[in-house]
Amino acid sequence: MPLSTSNSDFQRRSEERMHHTVNDRLPIGPWRRVWIVVVLLTLVFLAAWESVWRSRGFKPELTDDADLWAWTRQRATQNGTKAIVFIGSSRGQLDLNLQTVEQETGIVPVQLAINGASPWPVLEDLAADPQFRGTVICDVEERHLFPQAPDHEDDAVLTPRYYVRHFHGQNVFNCFEFGLKKTIEQSAVFRVPHLTPLSFMQKLARKQRPRPFYLEMNADRSRPADYRIVDIESHRKFRILRMQTLFKKDAPPTVAKLRQGIGQMRPWIEALQRRGGEVLFVRFPMSGQYREVQEIQYPKRRYWDVFAREIGAPAIYFSDVPVLKAFDCPDGSHLDKRDTARFTKALLSTLRPLARSTMLNSGILEPKEKNYD
Amino acid sequence: MIFNSLTFLLFFAIVLVLHNLPFSWTIKKINLMVASYIFYAAWNPPLVALLWLATIVDWHVAQAIVRAQDAARKKFYLFISLAVNLGLLGYFKYGGFLLESFTAALHAAGIEYHAAAPDIVLPIGISFYTFVTLSYTIDVYRGEIKPSRSFLDFALLVTFFPHLVAGPILRAVDFLPQCETPRRANRQQIAWGLVLLIVGLFEKMVLADGVFGPIADQVYDGAQLAGGVDAWIGTFAFAGQIYCDFNGYSLAAIGVALCLGFVFPDNFRFPYAAIWFSDFWRRWHISLSSWLRDYLYIPLGGNRRGEGRTYANLMLTMLIGGLWHGASWMFVLWGGLHGFYLVVERALRAAFESRKPKWQSVTQLPVAVMSASVITFLAVCVTWVFFRARSLSDAFHLVKVMVSGGKSQMEWHSPDSLNILGLTAALLVTHWLLRNSSLEEAASRFPFWGRALILVFMLLCIAFAPGDNRAFIYFQF
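As they're listed, the protein sequences go chains A and B.
Sequential numbering from 1 applies to the first sequence in my numbering.
Sequential numbering from 1 applies to the second sequence in my numbering.
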């Protein structure tokens with residue numbers, strides 16, 4: 001039986017269907033010349049843009065996104081019992097000096113804090129990871145003491161659940177893509193988001209000139225802040241106003257709601273403890289009016305103290321520890337990069353006696369027998 | 001792997017080099033097929049097995065149909081193909097949806113039933129490649145084509161990476177003849193193929209993801225209820241986003257294939273310049289609308305069985321077309337609205353055609369034609385609300401405030417609103433100016449330096465675009 005596709009009917013029908021395709025309309029012209037000019041002009045523009053900003057002190061910068069987080073999260077699993085992991089929100093990224101942690105403990109720490117996010121989805125994920133048996137230091141602010149957000153918010157790309165899902169969806173191709181992206185971002189200033197021609201023009205329209213951003217983004221996900229280059233008064237006012245607006249929208253939750261959250265978290269903490277890991281909760285420093293507004297919305301005695309008593313893991317509040325209380329936050333909520341090494345040392349020395357394992361000292365020893373309940 | 005990724009650029013460069021090395025045509029086709037499997041495996045390697053299943057079943061079924069001596073046997077083999085392809089689609093794409101709908105129906109009937117949540121991964125592009133394999137078997141069954149004599153050619157038809165995950169939905173008749181003789185793009189094809197790739201990436205990365213998408217997300221995913229201005233701006237933004245996203249993908253796919261010497265059919269022809277809805281569907285996702293016409297609407301009887309049946313066929317075709325997009329009643333509603341528009345258009349056309357010639361000439365006036373185009377665009381925008389909204393109640397709220405107004409977060413004159421309005425107007429004007437033309441004709445009118453400057457602008461915008469690497473919207477279908 002002839003099984004051929006080259007019969008005349010087939011060809012005819014094919015020609016009928018395809019007679020108005022791109023191939024019949026190809027624009028003629030000096031395309032070679034066009035492409036040479038395109039490549040040259042594009043390269044010249046990018047090179048000029050790059051050299052102008054480099055000469056003004058700008059440096060390449062990584063994007064703090066779900067790809068970088070997933071890549072970092074992988075290290076928490078790989079490190080297994082030798083992992084020190086920081087979770088929480090921006091304070092973890094801005095206030096901690098990871099090199100100091102490494103010097104103090106001999107372990108390269110893993111920074112999994114997510115700007116503005118609740119730590120619970122990340123804690124739940126670490127608790128469910130059988131290979132992870134390390135120490136979790138969780139920066140937790142008052143508004144994140146309560147049960148997780150409704151499900152529909154999970155789809156937003158900036159939620160911690162999205163980050164967790166993104167991590168679990170990683171494969172060799174994603175890792176390769178991230179490697180390429182990271183290489184370019186680490187070597188090209190023109191990829192810095194606030195240095196694009198569009199943001200440059202927007203700044204010009206507001207009669208501003210681009211200046212180096214006060215936050216650096218490091219490959220280890222730490223983000224030291226240099227408040228010397230910020231108009232600190234207006235920055236602080238902006239943060240307070242933003243927080244007040246946020247608080248106005250929602251009434252403070254009840255203690256019952258807090259206990260509901262604690263009930264949700266305890267199984268994760270216990271799962272980690274059963275495997276030899278542990279969780280230590282820390283309320284990082286805050287200062288000035290920012291702290292006053294926080295205290296009005298979330299009185300420490302009403303919320304934090306209940307949380308610390310019932311969570312089943314060590315929980316310290318910065319103002320209860322003199323060495324932590326001494327730090328001042330220029331914007332009310334985060335430390336300046338010049339204070340991070342000192343603060344990190346102080347934090348580790350505060351946590352060491354409370355920790356179950358001696359991982360925060362130097363090297364790994366057998367877990368100490370301790371009952372947190 | 002997505003076109004707007006660095007991995008794809010590297011992958012494509014390697015494929016292009018391999019394709020231009022002095023290998024035999026068979027080796028080149030094997031290269032393309034292996035590359036296509038790697039392209040697909042970048043999402044979820046085990047799901048390549050589904051591609052193999054669809055390929056092997058339809059290859060054998062088509063051969064068996066031709067060998068079958070009687071009509072009953074041919075029908076039986078066709079049934080196998082339909083069962084396997086639609087079964088795969090049904091299980092992977094609609095399994096969870098059917099279970100949810102069944103549970104909801106039981107609850108409505110007062111029966112308490114809780115099914116375990118099915119943990120089904122949706123294989124990317126499954127709706128596209130099952131339609132490719134289905135059309136092949138149906139064409140063979142109808143005797144419109146003979147089955148391919150080369151398994152390699154058929155496997156390449158199913159898996160060829162430029163069209164694999166989001167179309168254009170290829171037909172055997174379009175592609176298999178191209179596999180018979182060695183394909184190597186000439187300079188002009190490569191030059192224009194790369195232009196299409198860049199225009200596609202510009203539409204996707206700069207316009208869809210950078211400009212339109214964030215505003216559409218802000219309105220449709222926002223925690224606060226939208227007002228009238230929000231609803232219109234958000235919907236215009238989504239209309240721009242979905243067009244730039246999907247047309248961007250289609251242009252990139254056509255361009256990539258052209259660089260390899262293969263020609264794909266058009267998938268879009270400036271749809272926002274459509275005059276009424278039948279014209280819209282001749283311009284929007286052409287490979288799907290022609291598929292539905294040839295394999296669903298016409299077999300149902302098309303317009304050959306009286307007006308009532310024609311309306312029913314139109315509605316059914318559009319409802320199924322809606323469901324094809326996703327396992328949700330929102331897509332069914334979206335398809336239903338388009339079906340309703342088509343029915344109304346057909347009824348009005350019939351009524352107007354019987355009127356006096358004087359009235360008909362009024363409808364041909366430029367101002368009437370342009371008004372019709374704007375009305376079509378606005379009506380299509382209303383359907384996008386159902387396509388994009390998170391829930392039925394959100395969609396109805398948005399449609400309600402689009403008509404009645406309501407307190408908005410955005411102002412008409414805010415920078416975001418003006419951006420979206422300006423770009424939407426620019427999109428409409430461009431579509432209107434090119435409605436009887438093509439991108440190629442437009443490019444031909446530009447001098448050498450004009451083409452170069454536009455391309456430099458697009459390349460720089462792509463280079464500066466945030467590296468979010470958002471997937472194309474149509475991948476989920």
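To be clear, the hints were calculated from the coordinates, so they are not data collected in a lab.
Take the hints with a grain of salt, since some may be wrong.
[Said to hold, decoys possible] Derived SDA-like pairs (lysine to any residue); straight-line CA-CA distance at most 20 Å:
1) K203/A with P415/B
2) K207/A with P415/B
3) K59/A with P466/B
4) K248/A with Q224/B
5) K182/A with G222/B
6) K300/A with R275/A
7) K300/A with G312/A
8) K249/A with D221/B
9) K182/A with K407/B
10) K59/A with P415/B
11) K203/A with L6/B
12) K249/A with R282/B
13) K249/A with P415/B
14) K300/A with E310/A
15) K182/A with P415/B
16) K182/A with M1/B
17) K203/A with D221/B
18) K203/A with K407/B
19) K248/A with G222/B
20) K249/A with K407/B
21) K182/A with T7/B
[Said to hold, decoys possible] Quick look at which bits of chain A chain B covers, simulated, 3 or more residues with Cβ under 8 Å:
22) 189-203
23) 207-220
The beta carbon of each residue, even a glycine, is placed where N, CA and C say it ideally should be.
Going down the list of hints, with the structure as the test:
no.	hint	verdict
1	K203/A with P415/B	holds, 14 Å
2	K207/A with P415/B	holds, 17 Å
3	K59/A with P466/B	holds, 17 Å
4	K248/A with Q224/B	holds, 15 Å
5	K182/A with G222/B	violated, 31 Å
6	K300/A with R275/A	violated, 31 Å
7	K300/A with G312/A	holds, 18 Å
8	K249/A with D221/B	holds, 18 Å
9	K182/A with K407/B	violated, 43 Å
10	K59/A with P415/B	violated, 30 Å
11	K203/A with L6/B	violated, 30 Å
12	K249/A with R282/B	violated, 48 Å
13	K249/A with P415/B	violated, 26 Å
14	K300/A with E310/A	holds, 14 Å
15	K182/A with P415/B	violated, 33 Å
16	K182/A with M1/B	holds, 17 Å
17	K203/A with D221/B	violated, 29 Å
18	K203/A with K407/B	violated, 31 Å
19	K248/A with G222/B	holds, 18 Å
20	K249/A with K407/B	holds, 18 Å
21	K182/A with T7/B	holds, 12 Å
22	189-203	holds (count 6)
23	207-220	violated (count 0)
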